[in-house]
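Asker: From first to last, the protein sequence lines stand for chains A and B.
Here the first sequence is numbered in my numbering, starting from 1 and rising by one per residue.
Here the second sequence is numbered in my numbering, starting from 1 and rising by one per residue.
Keep in mind that the hints were calculated from the coordinates and are not lab data.
One should not assume that every hint holds.
Claimed, not checked - Heads up, simulated DSBU-like pairs for lysine-lysine below, C-alpha to C-alpha not over 30 Å straight-line:
#	chain 1	residue 1	chain 2	residue 2
1	A	K246	A	K260
2	A	K175	A	K134
3	A	K260	A	K219
4	A	K404	A	K149
5	A	K219	B	K71
6	B	K200	A	K432
7	B	K200	A	K269
8	A	K388	A	K319
9	A	K400	A	K175
10	A	K432	B	K208
11	A	K78	A	K106
12	A	K269	A	K246
13	B	K99	A	K260
14	A	K404	A	K388
15	A	K279	A	K400
16	A	K78	A	K400
17	B	K64	A	K269
18	A	K78	A	K136
19	A	K279	B	K71
20	A	K260	A	K279
21	A	K246	A	K279
22	A	K136	A	K171
23	A	K255	B	K64
24	A	K246	A	K319
25	A	K106	A	K432
26	A	K319	A	K279
27	A	K432	A	K388
28	A	K279	B	K64
29	A	K219	B	K200
30	A	K171	A	K149
Said to hold, decoys possible - Under 10 Å between C-beta atoms, here's a sample of chain B residues computed to sit facing chain A:
#	residue
31	S43
32	L57
33	N60
34	K64
35	A65
36	I118
37	S122
38	P125
39	A193
40	G235
No experiment lies behind these values; they were computed from the predicted model shown.
Quick reminder that beta carbons are idealized off the backbone N, C-alpha and C, glycines included.
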Amino acid sequence: MKDKAIIDPTHQADSPATETAAKTPSFSRRSLLKGAAKAGVAAGAISGFPMIWAQNIKNVTLRQFGTGVSNLNAIADKCKEDLGFNLQLTSLDSDSVTQRAVTQPKSYDIADIEYWICKKVFPAGVMQPLDTSKLKNFSKISPLFITGKLTPDSEIAQGTAPHTVGFVESKGSTKFATEQTNWMTLIPTIYNADTLGIRPDLVGRPITTWADIMDPAYKGKTSILNIPSIGIMDAAMICEAMGEIKYADKGNMSKAEIDKTIDILIAAKNQGQFRAFWKSFDESINLMASGEVVIQSMWSPAVTAVRSRGIPCVYQPLKEGYRAWGGGLGLASHLSGLELEAAYEYIDWYLSGWVGAYLNRQGYYSAAPETSKNYMTPDEWGFWIEGKAAKGDILNPDGKVMEKAGAVRDGGSYWDRMGAVACWNSVMDENKYMVRKWNEFIVS
Amino acid sequence: MALSKNHHSYWQSLPLSLVLLGFLVFPIGVMLVVSFWDYNEYSLLPDFIFDNYEFLLTSNVTLKAYLQTLKYAFLTWLFTFGIGFTLAYFLAFHVRTQKMQTVLFLLCTVPFFTSNIIRMISWIPLLGRNGLVNSALQTGGFIDQPVDWLLYSDFAIILAYVHLYTMFMVVPIFNSMMRIDPNLVEAALDAGAAPWQIMKDIILPLSKSGIMVGSIFVFTLVMGDFITVKIMGGGIKANVATLIYNEISLLQYPAAAAGAIVLLITVLMMLMILFRLVDVRKEL
């Protein structure tokens with residue numbers, strides 16, 4: 001019943017090739033290129049994708065930037081192979097992504113940004129909304145990004161849930177729509193539920209709650225991340241778990257709530273609870289791998305990276321639930337003509353399964369789950385999405401063994417994990433105040 | 001005649017003036033203007049408000065950050081001066097041949113073949129909880145538990161600064177010491193001066209300009225640095241530049257600009273005091 005909302009079994013009969021071919025008529029929007037498109041159908045039967053502008057598309061280069069999680073060379077290579085044009089990727093940290101998006105809009109064509117960043121970036125007018133009718137895979141997008149609900153009866157989590165900044169009112173508008181419209185700010189691509197990472201060999205007891213990071217037993221051996229918008233959310237999860245504060249909305253705190261949260265953090269810092277704060281992905285890996293910290297806020301692939309060094313590390317599910325984030329692709333406002341068409345083509349391709357499967361194998365989730373299923377083996381799908389024990393070895397996207405047969409994913413199935421999201425990364429109304437208080441915490 | 005001479009010097013100074021005007025004065029001007037602007041999450045709002053300064057100057061965050069920064073600057077200065085002066089003295093007065101002096105001096109610059117950041121980061125595996133120093137101490141039976149304050153602490157920050165910036169002291173001090181006439185020292189010896197008197201009355205005063213130039217280097221470098229504090233302090237320590245860096249990365253340019261202006265004024269004031277103590281132009 002739950003599963004049905006996401007994955008419609010009737011679609012699974014289609015092989016990827018027939019599905020693409022069946023959908024090709026929607027290319028008629030490029031009536032000029034109709035002849036070419038027909039030729040493309042034939043090509044599509046072989047490669048899985050119609051190459052409709054075989055002539056001039058080779059000259060197109062789309063410049064995409066975003067965080068390291070999804071700006072992967074494998075995606076650029078596959079894009080070149082399937083679609084024929086070049087994708088140039090730049091990966092930056094979250095704060096630099098925001099900065100680049102707002103201050104250098106001419107320097108990119110496609111922005112791979114997170115939804116909470118979108119709330120800052122989109123109103124700046126540097127991006128153009130996407131016409132959803134141009135995307136043949138639009139209907140495959142998880143309802144989580146359309147209505148905010150994973151299943152029809154699930155509750156919407158706190159914070160900047162992606163659907164609240166997912167649509168704008170009209171083509172030229174920078175105002176977020178409250179309902180689904182034809183104009184989407186970002187096409188969702190990737191998302192995940194974050195929790196604390198632990199070193200099971202060093203913590204010495206089961207970790208069950210966010211509050212465990214404040215356990216005096218781990219004095220000087222914990223860390224949280226120093227990206228204020230995300231760090232404050234982790235802090236909120238911790239403070240609420242400690243029973244110190246009950247937030248009306250963790251993703252949009254009042255000044256008093258911010259004050260109290262920061263006070264708790266400062267007190268903990270002064271007692272020497274934290275060993276360090278990390279800002280970049282690599283820092284979090286090093287802290288954990290070197291044993292400087294035993295429990296810290298972390299990102300899923302960082303946990304994988306620590307594990308791949310042969311050091312035990314667990315992405316520990318906690319009883320209060322997860323802090324989630326989602327990312328998507330948006331178009332720079334200067335994009336037009338052939339580049340714009342190529343960008344639409346690219347985004348549609350992104351949703352068509354190969355990338356989704358790649359991201360799923362990294363431990364993230366694809367925004368179009370049913371298409372990615374076509375590119376995964378039943379065992380992979382069972383391990384990553386359904387939370388089943390792996391029948392064979394589970395390989396990472398590079399083909400290395402990541403989990404042995406019999407392993408079960410931490411946190412269980414997709415629905416267990418995404419269904420237990422307590423809040424989304426967000427930008428608060430009191431953002432300016434929050435950042436000032438956060439600085440106070442860092443300096444204290 | 002005098003007039004045309006003046007004209008020449010104007011022309012000659014024009015290129016540098018233009019460069020300074022375009023790349024120094026203009027950006028600082030822009031910064032000054034922006035520091036009075038308002039801002040929200042995604043844009044700068046041209047305005048004329050004192051809010052940024054008001055917050056900056058009344059917040060005890062700023063005070064703490066400045067105290068922290070001055071502490072780093074002073075301690076770094078103290079150690080780099082101590083080490084730098086000794087090193088320069090050894091090079092200038094104890095190494096006899098000029099060839100040897102050159103060789104040793106070049107040897108001092110070898111660390112500069114690798115970047116700042118790499119030299120800094122290489123301390124981390126050494127100082128960590130399970131790092132080389134701790135393992136050595138534990139194996140040697142000096143300690144039972146690993147020592148925590150070696151890394152992600154003020155100690156680590158100062159250590160990195162001293163490591164990175166001592167050369168900036170050595171070079172100018174060595175330079176000024178080389179110009180001290182050895183006959184002066186000999187004369188003082190002949191006149192029966194004790195070694196400490198030679199140091200106090202001859203070497204120190206005559207290398208004052210070098211010390212001053214080195215101090216200015218070290219001071220301004222430490223005051224404006226955020227990366228050392230970030231890496232060696234593990235993000236848990238902060239100075240003024242870290243605050244500015246945080247604000248920039250969160251698109252709060254006006255607040256960052258105000259912070260930068262205040263920092264600039266602070267550093268300029270300190271330099272003015274230093275220049276009061278020594279007239280560098282005369283000494284050079």
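Asker: Decide, hint by hint, whether the structure agrees.
Answerer: Against the structure, the hints come out as follows:
At most 30 Å may separate the alpha-carbon atoms for a hinted pair to count; K246/A and K260/A meet this at roughly 11 Å. Annotation: proposed proximity of K175/A to K134/A holds, straight-line Cα distance about 21 Å (limit 30 Å). Simply put, K260/A and K219/A have alpha-carbon atoms about 21 Å apart, close enough for the 30 Å limit, and the pair holds. This hinted pair does not check out: K404/A and K149/A have alpha carbons roughly 33 Å apart, beyond 30 Å.
Of the pairs offered as hints, the one joining K219/A and K71/B holds, with about 26 Å between alpha carbons and a cut-off of 30 Å not exceeded. A C-alpha spacing of about 54 Å is found between K200/B and K432/A, which places the hinted pair above 30 Å, so the restraint is violated. Restraint check for K200/B and K269/A: the C-alpha separation of about 46 Å exceeds 30 Å, so the hint is violated. At roughly 20 Å between alpha-carbon atoms, K388/A and K319/A fall within 30 Å of each other, so this suggested pair holds.
Restraint check for K400/A and K175/A: the C-alpha separation of about 45 Å exceeds 30 Å, so the hint is violated. Of the supplied pair hints, the one linking K432/A and K208/B is violated, its CA atoms being roughly 47 Å apart against a limit of 30 Å. Between the alpha carbons of K78/A and K106/A the distance comes to roughly 25 Å, so the proposed pair stays at or under 30 Å and holds. With a C-alpha separation of about 21 Å, the suggested pair K269/A and K246/A falls inside the 30 Å cut-off, and the hint holds.
Proposed proximity of K99/B and K260/A is contradicted: the alpha carbons are some 65 Å apart, above 30 Å. At roughly 13 Å between alpha-carbon atoms, K404/A and K388/A fall within 30 Å of each other, so this suggested pair holds. Proximity of K279/A to K400/A is assessed by CA-CA distance (about 28 Å); at most 30 Å being required, the pair is judged to hold. A hinted pair counts as satisfied when its Cα atoms are at most 30 Å apart, and K78/A with K400/A qualifies at roughly 19 Å.
With a C-alpha separation of about 15 Å, the suggested pair K64/B and K269/A falls inside the 30 Å cut-off, and the hint holds. Between the alpha carbons of K78/A and K136/A the distance comes to roughly 20 Å, so the proposed pair stays at or under 30 Å and holds. Pair hint K279/A plus K71/B holds up; C-alpha atoms about 25 Å apart against a cutoff of 30 Å. Between K260/A and K279/A the CA atoms are separated by roughly 23 Å; this keeps the pair inside 30 Å, and the hint holds.
For the proposed pair K246/A and K279/A, the alpha carbon gap of about 27 Å is at most 30 Å, so the pair holds. For the suggested pair K136/A and K171/A, the alpha carbons sit about 19 Å apart, so the restraint of at most 30 Å is met. Taking the CA atoms of K255/A and K64/B, the gap is near 22 Å; set against the 30 Å cutoff, the hint holds. With a C-alpha separation of about 16 Å, the suggested pairing of K246/A with K319/A holds against the 30 Å cut-off.
A threshold of 30 Å between alpha carbons decides the hint, and for K106/A with K432/A the separation of about 27 Å falls inside it, so the pair holds. A distance of roughly 26 Å separates the Cα atoms of K319/A and K279/A; the hinted pair therefore holds under the 30 Å criterion. Under the criterion of a C-alpha separation no larger than 30 Å, the hint pairing K432/A with K388/A is inconsistent with the structure, at around 44 Å. Pair hint K279/A plus K64/B holds up; C-alpha atoms about 22 Å apart against a cutoff of 30 Å.
Restraint check for K219/A and K200/B: the C-alpha separation of about 49 Å exceeds 30 Å, so the hint is violated. Between the alpha carbons of K171/A and K149/A the distance comes to roughly 25 Å, so the proposed pair stays at or under 30 Å and holds. At about 6 Å, the closest approach between the beta carbon of S43/B and any beta carbon in chain A falls short of 10 Å, and the interface hint on this residue holds. Using the Cβ-Cβ criterion of 10 Å, the hint placing L57/B at the interface with chain A is not satisfied: the shortest such distance is roughly 14 Å.
Satisfaction of the interface hint for N60/B is found here, the shortest Cβ-Cβ separation to chain A being roughly 8 Å, below the 10 Å cut-off. The restraint placing K64/B at the interface with chain A holds, with a minimum CB-CB distance near 5 Å, inside the 10 Å limit. Because the closest C-beta pair between A65/B and chain A is about 5 Å apart, less than 10 Å, the hint holds. Restraint check, I118/B versus chain A: the minimum CB separation of about 14 Å is more than 10 Å; hint violated.
Of the supplied interface hints, the one on S122/B is violated, with its beta-carbon coming no nearer than about 13 Å to a beta-carbon of chain A, more than 10 Å. Checking P125/B against chain A: minimum C-beta separation of about 8 Å stays under 10 Å; hint holds. Below 10 Å, beta-carbon pairs count as interface contacts, and A193/B has none with chain A, the closest being about 50 Å; its hint is therefore violated. A cut of 10 Å between beta carbons decides the hint on G235/B: the least distance to chain A is about 3 Å, and the hint holds.
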